[in-house]
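Peer 1: Hints in hand, dock the two standalone chains.
Top to bottom, those sequences are chains Z and P. Be aware that the first sequence starts at 1, since it is given in the numbering used here, and climbs by one per residue. Be aware that the second sequence starts at 1, since it is given in the numbering used here, and climbs by one per residue.
To be clear, the hints were calculated from the coordinates, so they are not data collected in a lab. If you're wondering where the values come from, they're calculated on a predicted model, not measured in any experiment. One should not assume that every hint holds.
Listed next, the stretches of chain Z that the computed footprint assigns to chain P, with coverage defined by at least 3 CB atoms under 8 Å from CB atoms of chain P [as the list claims (entries may be wrong)]: (1) 19 to 31; (2) 74 to 83.
Some residues of chain P that are not near chain Z, with every Cβ distance over 10 Å (derived) [as the list claims (entries may be wrong)]: (3) A60; (4) Q73; (5) P82; (6) S84; (7) S130; (8) E199; (9) I253; (10) R262; (11) A296.
So the derived label-pair ranges between C-beta atoms look like this [claimed, not checked]: (12) M43/Z <-> D57/P: 48 to 56 Å; (13) V178/Z <-> A15/P: 46 to 54 Å; (14) S130/P <-> P14/Z: 28 to 36 Å; (15) T17/P <-> P132/Z: 37 to 45 Å.
For each residue, glycine too, the CB sits at the ideal point set by N, CA and C.
Okay, here's what each chain looks like letter by letter:
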Amino acid sequence: MAEPGGDAARSAFPASVVVAQRELQDLWLGGRGLPLMLAFTLMSSVTSYLISSNQTLNFLEVRESVSLSVRVAVAVSALLVVLAAADAISGERERGTLESLLLTPAPRRSLVVGKGVAALSLWLAAVILSMPYVWFLGRGVGVVGKAAVGSLVVSGLLALFLTGLGLVISIVLTSNRVSLALSLFMLVALYAPSQLATVGLQPSAGDLVQRLDPFTSGLRYLDALVVGGHSYGQDVGLLLAPGIGAVAFPVAALAMSGHLALFGRDRP
Amino acid sequence: MGMALQAKDLRKTYAGTVAVESLSLEVEAGKVLGFLGPNGAGKTTVIRILSTILVPDSGAFWVAGVFHTHPQQIRQRLGVLPESAGYPAGLTGEEWLTYHGRLFGRTRSAARATARRLLDDVGLSGRGTSRIGTYSRGMRQRLGIARALVNDPDVVFLDEPTLGLDPSGQIQVLEIVTRLARKHGVTVMMSTHLLAEVEQVCDEVLILNRGHAVAQGTVAEVVHRAAAPRQALVRVPPELHDRALTVLGDGRIESRPAGSGRRGELTVSGPITASPEQLSSRALRPLLESGIPVLAFTLEGGRLSDAFLAVTAGSGG
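For reference, chain P alone in the conformation it holds in the complex (with noise of 0.2 Å):
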């Protein structure tokens, strides 16, 4: 599968403020890449330099394997929600949508079809002739993604496409970018601080920290990477706290009463070569075999939202 975008060394300044620096990346078409970083990193910056928004200091960039040096043809084949984007209060959503559709060199009735098609798509088929000054802010960023798709584009970015959502507009989003990627083979690149979501949706994440690209493959090779500890909290009855301690300690595994002081939570901690599998197995196993009754074990650590912090810190994002 060929390359859908790729970036070697990107480098931007503003006023002497680097706000990235030595940026590569590589995504391959069909995939959703998750972009993330601490407030203030860069993504948005990034993400405008390979819309062609921006122009980078220097380094070089191919979307859909245009370089670039012809940005035109780049954005013929780009479709981008921006951060914090404006929207005309006085059009409605199809008239807007239209108006870019036209913009892309469709005809009035092309652009009018298409506009209604994505309406329907994001789910805002009933609102499509109210005024977007009537939208809530859900709808607009709906509305957003829908202006992104009406050239029919080969990537997608999307800066914050869940800023600002309720949980049902989160998961909203979410489905559309992953029928965009799974369905119509979009190459998708999306900024977001929905850790969790990631996880479930991106193929790759990259992390960009200060402007620098601090990890970049798939979910399980930066977590692996970022070596994030692993730990879990286990619930046992409170009159069998200390017997539980001295089990695992037994047990050679390494224990302790959890931060938040209850008598029965325990915190467990395994190597940093462990898998949730075999800490689960050797927290639990030796509980279990002294009769003491594991009331709730959760799995704390080995998560992306793990590998985000560590290599993260010390960020003031």
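Okay, chain Z solo, but in the shape it has when bound (with noise of 0.2 Å):
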């Protein structure tokens, strides 16, 4: 063994780069992610056929079956995103791992910022695999740019706010279902929304509403832009909503990192 204290190179990168390489291994060559996108892919090839049939059968214009493609994968992409960062924290601490992470020197907010990346990857996968069947489905009528960068940027949105949501939930909570069970119904909860207002719902009625869930918001942003043809900016009130999500749960996160500690709020 060496003496104690003795001196070793030191690491160039700060622990968040460190723990975030860690979380990237771990969930991309460990074998969760892979499989989650491989079946993220032959979903979008199921929905993208069922699409492109409707489309043949003229149920479906070209630029409502870009938006519902693109739709699909927001919603994907947000049901993965908010999972892996629910699990981040309360994950370790039912694993009995997070004590040892603890007791490094690494700052919380490194972990927490680390961990976030990790989930955030999972949202970067699924829009780039996304990609070919908006182009698929969209050829022609030039569509597949604007649709290419309103989903990007809403779901880059959404997917900021989801990984901020699910790492206060998981900062906060000790048990990892717990924490997994209310993830997945804040998500339920604000995407719901969005599916009521196109089922013929008033918009006058609960307009304030829906521009308050960044959900709704988000894709409703989204339909101008690709549905409606808009332009980047005709709308962009749209994207307050998830915009102030984007950066307010993930600042949250950050500043409740400082209080990480080996047992949630709800436990001793």
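Peer 2: Structural data, given as structure tokens:
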């Protein structure tokens, strides 16, 4: 054994980068990320086939087909991100591996940032994988570029928002199951109004609520962009809610990371 | 020699229940402190406070000379094997140690070299590239000790390092502890229930009961202060049972038939101040001088286990 306190070569990387590298390796080489993306690709293929069939039968216009495909990608990436973030801290707690991490001099914030980066990688992979389907469904009508940029922006803001939300829940709760269940419930509760809006509810009745809901307003922005043919800036106000969520919740997670403890707030 | 570990009046409560109360301790650098107590005495809470995982309600402590208000500096100099530590089953032992080495600020190559050295030190060099999920409990425990040493710490806390290990695993762990302190000058605070091993390995002991330190000092000091009863079991031929009792009575040493009820087995007790040698002499001499063969003589009192039981009497642990 070396002499205690002996000099060792110091790393040039901050701890958050070290944690992110480890988490990304665990996620993508350890097995969870790739099967999830394979499942997503299979689901996108089936969805695209069905949408394409509806196009052929003239049930859906090309722009609506692209919008539907993008909505699926946004929803799936949101689901993957929120579950990964919700598992990040409470999962370590439940597996008994958090204490060893807390015993290192790495700042608590680095642990949260590194795990957040790994969760966000799922969003990026899902969005990239959805692009060929968007191109396939929207080719020839000049909507692919707008759909790609729009989905990247909207799903990116939602991914940041949900990563922050999942991490906050994961920091607070000790039980991983409760953390995952609560995060999933929050996702469904936020996503549901966006679906209600499309099934013929009076837009004026819940307009304010829909603008406040990051999902509904984000997806409305996408619809306006892809289906309505609006410019990028025309409905930019609809990005306010997802934008605020994308800033507020990651900041909240970072603020709470300073108080990251072996036990959540629900236990001594 | 300076103090590697100091604590003054530590107090910690959980939702109104006192876990640790008025705990003060001092451990010199390079010493091994046996941290004893019944289950639920507060040992793990104390270790978690001193390792900056929990914040005490009141009190102060220093680890390797660093005051408790600088937790990151303390963690830089501290190694801990937590109680019931979890391990990532999907990583290899080497990957896990390398990761932790990097979290202590080492480069990837330096962390990997340290990981390999430590795996070798704890006898896991042949399994470093195997997934931790395939390790036995003893191997995981040794890996946990290697993890505690990944930053070449000045102070090491080992919370139940021999828990669940077979006798050879226990011996290996205790050898590592001894080597750390004697060869590398590392201060070790070890929580364990293996009292006989504590007597061999530890320079000092601290016994905790219901959150209070009830005994602290060298093993001899603790045993002496705890006024543990000193007694011995004497075996003589069954046909000489009654005569042996008479001889011992004439020699003014308290004797009675042993609790086993078997003829030929006697329990003799000496005064509290008697050393084991005095007790042996006072019990054996009259028997041998009377021509009564002594088939066995086992000292039962004056051990750390007696002191432990005496100072933790009435504990529910």
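Peer 1: List, from low to high, the hint numbers that the structure doesn't satisfy.
Peer 2: Result: hints 2, 4, 5, 6, 13, 15 break, sorted rising.
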